[in-house]
Amino acid sequence: ETGVTQSPTHLIKTRGQQVTLRCSSQSGHNTVSWYQQALGQGPQFIFQYYREEENGRGNFPPRFSGLQFPNYSSELNVNALELDDSALYLCASSQKEGHEKLFFGSGTQLSVL
Amino acid sequence: EDQVTQSPEALRLQEGESSSLNCSYTVSGLRGLFWYRQDPGKGPEFLFTLYSAGEEKEKERLKATLTKKESFLHITAPKPEDSATYLCAVPEYGGSQGNLIFGKGTKLSVKP
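Residue numbers (our numbering), protein chains in the order written: chain A, 1 to 113; chain B, 1001 to 1112.
Derived by calculation from the structure, the hints in this document are not laboratory data. Backbone N, C-alpha and C define an ideal beta-carbon position, used for all residues, glycine too. One or more hints might be untrue.
What the hints assert, rightly or not - The calculated lysine to any residue pairs, modelled on SDA-like cross-linking and capped at a C-alpha distance of 25 Å, are:
1. B:Lys1107 with B:Glu1081
2. B:Lys1104 with A:Val112
3. B:Lys1042 with A:Ser24
4. A:Lys101 with B:Lys1111
5. B:Lys1104 with A:Leu83
6. A:Lys96 with B:Thr1049
7. A:Lys13 with B:Asn1022
8. B:Lys1107 with A:Lys96
9. A:Lys101 with B:His1074
10. B:Lys1069 with A:Gln44
11. B:Lys1111 with B:Lys1069
12. B:Lys1042 with A:Leu83
13. B:Lys1042 with A:Ser86
To be verified - Cβ-Cβ distance ranges computed for the label pairs, FRET-style:
14. A:Leu39 with B:Lys1069: 21 to 31 Å
15. B:Gln1014 with A:Gln17: 22 to 32 Å
16. B:Gln1014 with A:Lys13: 38 to 48 Å
17. A:Glu52 with B:Glu1081: 20 to 30 Å
18. A:Gln95 with B:Lys1063: 22 to 32 Å
Work out the full structure, taking the sequences as your base and the hints as a guide.
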């Protein structure tokens, strides 16, 4: 059984740039959620995708957007990067939408300079 | 506003020294409380889900309990490999689908 994989593991960008983070969900899971984790904080919900549609969103501006593909993999796109976007971005998959047990990847560490 | 508060922020134990971690929550309606373990540089790993007051779940040296206002994660005779950050989370009530509200976590260090 393949777990959740994220790429890249680390990324350095400058303010104003755009970034795309990728996630492959665990086999058999059709729901993907993205979280942002700042240093010393708990993860904060960005959005959730189910059947290629965004079906839930946290308090993040529209410059945070995503996609889910037919194979349930997903992308997180962030436009116009700001210094405060520096964080660990976590992808999690689950067997169905809502609050089922989440399986997290190891994350992408994004640094914005 | 739904909220999760964990205490202490950090806990240092000697191997074999049992203790408890606390998770206090404020939600309009509880639809489960989740415990996760997070190792440095990794994503959280699911441990338990509790749904109703009085419920208990165990896994190896860990036991999670739930009351109407808080949850405890009891660690019995911990080993160095139990060192990690322990996170608890609750689903946002009446809010966005899929939104788990996490606490800041308790960083546990177990010394041999």
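Hint by hint, work out which the structure violates, then give me just those numbers in ascending order.
Hints 4, 7, 8, 11, 15, 17 contradicted; others consistent.
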